[in-house]
Amino acid sequence: MSDKNLDFSYTTVPTICPYCGTGCGMLLEVIGGKISGVLPMKGHPVSDGCLCLKGWTAHEFVSSPDRLARALVGKDGDFKEVGYTEAVALVADAMRETVENHGPDSCAFVASARCTNEENYLMSKLARFAVGTNNIDHCARL
Amino acid sequence: MTNSIGELSDADVILLTGSNTSEQHPVIAGKILDAVRKGAKLLIFDPRIIHLTSFAHMHLRQKPGTDIVWINALMKVIIDEDLLDREFVNSRTEGFEELSRSLENYSLERAAEICGIEASDLREAARIFAMADKASIVYCMGITQHVFGTRNVLALANLALLTGNVGRLSTGVNPLRGQNNVQGACDVGALPNVLTGYQKVDDDVARGNFESAYGKKLPSKPGLTLIEIMNACLEGKIKFLYIMGENPMITEPDLKHVEEALSAVDFLVVQDIFLTETARLAHVVLPGSCWAEKDGTFTNTERRVQRIRKAIDPPGDARLDWQIICDIAKAFGSDYFEYSSAEEIFDEIAKLTPSYSGMSYQRLSTQGLQWPCPSVDHPGTVYLHETGFARGKGLFSVVEYDPESQKLEEHYPFVLMTGRVGFQYHSGTMSRRSRALAREVPEAYVEISPQDAARLGISDRDKVKVVSPNGELTVRAFVTERVRPGEIFIPFHFSEAPANILINSRELDPQSKITSMKFCPARIEKA
Numbered sequence: 010m011s012d013k014n015l016d017f018s019y020t021t022v023p024t025i026c027p028y029c030g031t032g033c034g035m036l037l038e039v040i041g042g043k044i045s046g047v048l049p050m051k052g053h054p055v056s057d058g059c060l061c062l063k064g065w066t067a068h069e070f071v072s073s074p075d076r077l078a079r080a081l082v083g084k085d086g087d088f089k090e091v092g093y094t095e096a097v098a099l100v101a102d103a104m105r106e107t108v109e110n111h112g113p114d115s116c117a118f119v120a121s122a123r124c125t126n127e128e129n130y131l132m133s134k135l136a137r138f139a140v141g142t143n144n145i146d147h148c149a150r151l
Numbered sequence: 002m003t004n005s006i007g008e009l010s011d012a013d014v015i016l017l018t019g020s021n022t023s024e025q026h027p028v029i030a031g032k033i034l035d036a037v038r039k040g041a042k043l044l045i046f047d048p049r050i051i052h053l054t055s056f057a058h059m060h061l062r063q064k065p066g067t068d069i070v071w072i073n074a075l076m077k078v079i080i081d082e083d084l085l086d087r088e089f090v091n092s093r094t095e096g097f098e099e100l101s102r103s104l105e106n107y108s109l110e111r112a113a114e115i116c117g118i119e120a121s122d123l124r125e126a127a128r129i130f131a132m133a134d135k136a137s138i139v140y141c142m143g144i145t146q147h148v149f150g151t152r153n154v155l156a157l158a159n160l161a162l163l164t165g166n167v168g169r170l171s172t173g174v175n176p177l178r179g180q181n182n183v184q185g186a187c188d189v190g191a192l193p194n195v196l197t198g199y200q201k202v203d204d205d206v207a208r209g210n211f212e213s214a215y216g217k218k219l220p221s222k223p224g225l226t227l228i229e230i231m232n233a234c235l236e237g238k239i240k241f242l243y244i245m246g247e248n249p250m251i252t253e254p255d256l257k258h259v260e261e262a263l264s265a266v267d268f269l270v271v272q273d274i275f276l277t278e279t280a281r282l283a284h285v286v287l288p289g290s291c292w293a294e295k296d297g298t299f300t301n302t303e304r305r306v307q308r309i310r311k312a313i314d315p316p317g318d319a320r321l322d323w324q325i326i327c328d329i330a331k332a333f334g335s336d337y338f339e340y341s342s343a344e345e346i347f348d349e350i351a352k353l354t355p356s357y358s359g360m361s362y363q364r365l366s367t368q369g370l371q372w373p374c375p376s377v378d379h380p381g382t383v384y385l386h387e388t389g390f391a392r393g394k395g396l397f398s399v400v401e402y403d404p405e406s407q408k409l410e411e412h413y414p415f416v417l418m419t420g421r422v423g424f425q426y427h428s429g430t431m432s433r434r435s436r437a438l439a440r441e442v443p444e445a446y447v448e449i450s451p452q453d454a455a456r457l458g459i460s461d462r463d464k465v466k467v468v469s470p471n472g473e474l475t476v477r478a479f480v481t482e483r484v485r486p487g488e489i490f491i492p493f494h495f496s497e498a499p500a501n502i503l504i505n506s507r508e509l510d511p512q513s514k515i516t517s518m519k520f521c522p523a524r525i526e527k528a
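Protein chains in written order, with the numbering used here: chain A, 10 to 151; chain B, 2 to 528.
Some hints here could point you the wrong way.
[Said to hold, decoys possible] Below, computed lysine-lysine pairings styled on BS3-like, alpha-carbon distance capped at 27 Å:
#  : chain 1 : residue 1 : chain 2 : residue 2
1  : A       : K51       : B       : K311
2  : B       : K39       : B       : K135
3  : A       : K84       : B       : K257
4  : B       : K39       : A       : K51
5  : B       : K64       : B       : K331
6  : B       : K331      : B       : K408
7  : B       : K42       : B       : K135
8  : B       : K394      : B       : K408
9  : B       : K64       : B       : K39
10 : B       : K201      : B       : K218
11 : B       : K331      : A       : K84
12 : B       : K238      : A       : K84
13 : B       : K257      : B       : K39
14 : B       : K527      : B       : K514
15 : A       : K89       : B       : K135
16 : B       : K42       : B       : K64
17 : B       : K217      : B       : K42
18 : A       : K43       : B       : K201
19 : B       : K238      : B       : K222
20 : B       : K257      : B       : K42
21 : B       : K311      : B       : K64
No wet-lab data here; the hints were simulated from the structure. Treat the numbers as computed from the prediction; the structure is a model and nothing was measured.
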């Protein structure tokens, strides 16, 4: 038995819990390039070393076998995998056709309270600047 | 939140309403318990028994939908007994005369009858709240998810203004935001009526700043909210819909309506990390990435902008969500979507957003910064409104109760409230894939009082049918004293028994466009 070829390199990455709006500080534990767990961040201004059960288990869904790893094209509930670039082109073409035929306000965009500020900002920029509509919202009321 | 989470532990009185804090914001509940341990009085206004009620000085159980009544009753007592903060009211507010006049003939006994809280308890709670040096109001969706949710919030703001509990440490009006970055998504303009930092799209000056930065005219007419988007899909007005990281097929009210709407659009794009109930209806599904795979920022409920950092790569062909948006924008033919990092995007946000303009990744580090943070040497803002309000003086609003709002329909004698449990999260796509969490509360249930259960011949764990004018579902009964006779509660996380199928999306709060998820007429039948 030898661990010679195994990667046990260990790092922690300071980040914020992905669940509720409290925003507790956490450290993601990474062993050999894989997430292995979560540690509470001491000295964090909100949580100072506390996490709830959801926080402590936040890493569990990351490596779920159900994670989407390919773009899909769907028809009547059936999906087939397509290349990423092809999927992006399909979306851009549909968006262009809709704008040309029905105007910008026939498009709508739903951003996400789960995504980052940067991503939500870009979604808003896509709607307002690229397409030209203010039809953008997210689940703030839910 | 006007104030910060940590300040809660130094409050003298905490008025908590419409928040099951221990379940939904456990670490914040910890701060509330710290305060109680130090001698603070906790006043809880909630129809249900929750974990924190066992630590409360008073638990006042209003009838669902009568919040304006008890809040006005507290103010009536405070004004009548001259317990208001006169100096604050005189120097920092306007509209007090109108408020006071509107309460002149207000009868505490009548209020007690409507809201179901004894007049003597209303009086005692009012005194405790008004006599505190530092009283903090904490609320969540039990207050906002009503067709009069905005008026509920205005009523709470009145109470804080009347007692001078704004603009100081451990006071304030503090909504607890439910999602990790719902505050941030609002801050950066993922809303139909505002650009970043709540700059209105129909304000020519604000929009002009963006137009000169982007080099292009932007639309000035406010867009549609999420529920309005769904309606417009059904009417054939929306033909292309792009949903990123949301699962309205579980979380939106009136699921049948949502499904029809999503099926009606010509082209539906869903970008997510799982093939959600919503993604299953899409024409194209794009594989996004989760928080552990990306750099960026989240803004928490106390306005603290914080860094998240990439720990691992996303699986397979999955991409960072901001890269997918840029790729689509470029394929669409749009310029100005060339970014090499999330930091570059953040710097653009900071440039266009006065409340974020002093922030940078370097400064956020591991502690974050609370907005407003208008300049690079500004330390961030722990609590708002220290010296003034955005409009100058704090404005009292006369808020009156509408008895119509509490009416049940024939054949639907129960009030159904939907909500959450601590071991699950929103539509469950993440939390139900966590073994430890799924084990704790694996399925949906309906809380029903022992009295109602006995009357209807229902035993604990029996399967029952819950019917509303909008739909029906079958769940197990959880017979518990947590709810009173006439009231039932269902958590909405579970796709096989989605509580939102029961909720209607036709009647909305006129300002916030929120629907009533805390007052839905229903009946229960044995399944």
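- Message: Against the 27 Å threshold, does the CA-CA distance of A/K89 and B/K135 hold or violate the hint?
- Response: 60 Å, violated
- 27 Å limit on alpha-carbon distance, applied to hinted pair B/K331 and A/K84: 26 Å, holds
- Item | Pair hint B/K64 and B/K331, alpha-carbon separation not exceeding 27 Å | 54 Å, violated
- Task: Starting from B/K257, check that the Cα of B/K39 is at most 27 Å away, please.
- Result: 49 Å, violated
- Query: Can the restraint linking B/K201 and B/K218 be considered satisfied, given a maximum Cα separation of 27 Å?
  - Reply: Holds - the C-alpha atoms of B/K218 and B/K201 are around 15 Å apart, at most 27 Å.
- Message: Check whether the Cα positions of B/K217 and B/K42 lie no farther apart than 27 Å.
- Response: Cα-Cα ~55 Å, so violated.
- Is the Cα-Cα distance between B/K64 and B/K39 27 Å or less? Distance ~31 Å between B/K64 and B/K39 Cα, so the pair is violated.
- Task: Please work out if B/K257 and B/K42 have their alpha carbons no farther apart than 27 Å.
- Result: The given pair, whose Cα atoms are some 44 Å apart, is violated under the 27 Å limit.
- Query: For the pair supplied as a hint, B/K331 and B/K408, is the alpha-carbon distance within the 27 Å limit?
  - Reply: 52 Å, violated
- Under the criterion that the straight-line Cα-Cα distance not exceed 27 Å, is the pair B/K42, B/K135 satisfied? Holds: B/K42 and B/K135 sit about 11 Å apart, inside 27 Å.
- Are B/K527 and B/K514 close enough, with their CA atoms no more than 27 Å apart? 35 Å, violated
- Hint consistency between A/K43 and B/K201 [alpha-carbon to alpha-carbon, up to 27 Å]: Violated, at about 44 Å.
Violated hints, in rising order: 5, 6, 8, 9, 13, 14, 15, 17, 18, 20, 21; the structure is consistent with all others.
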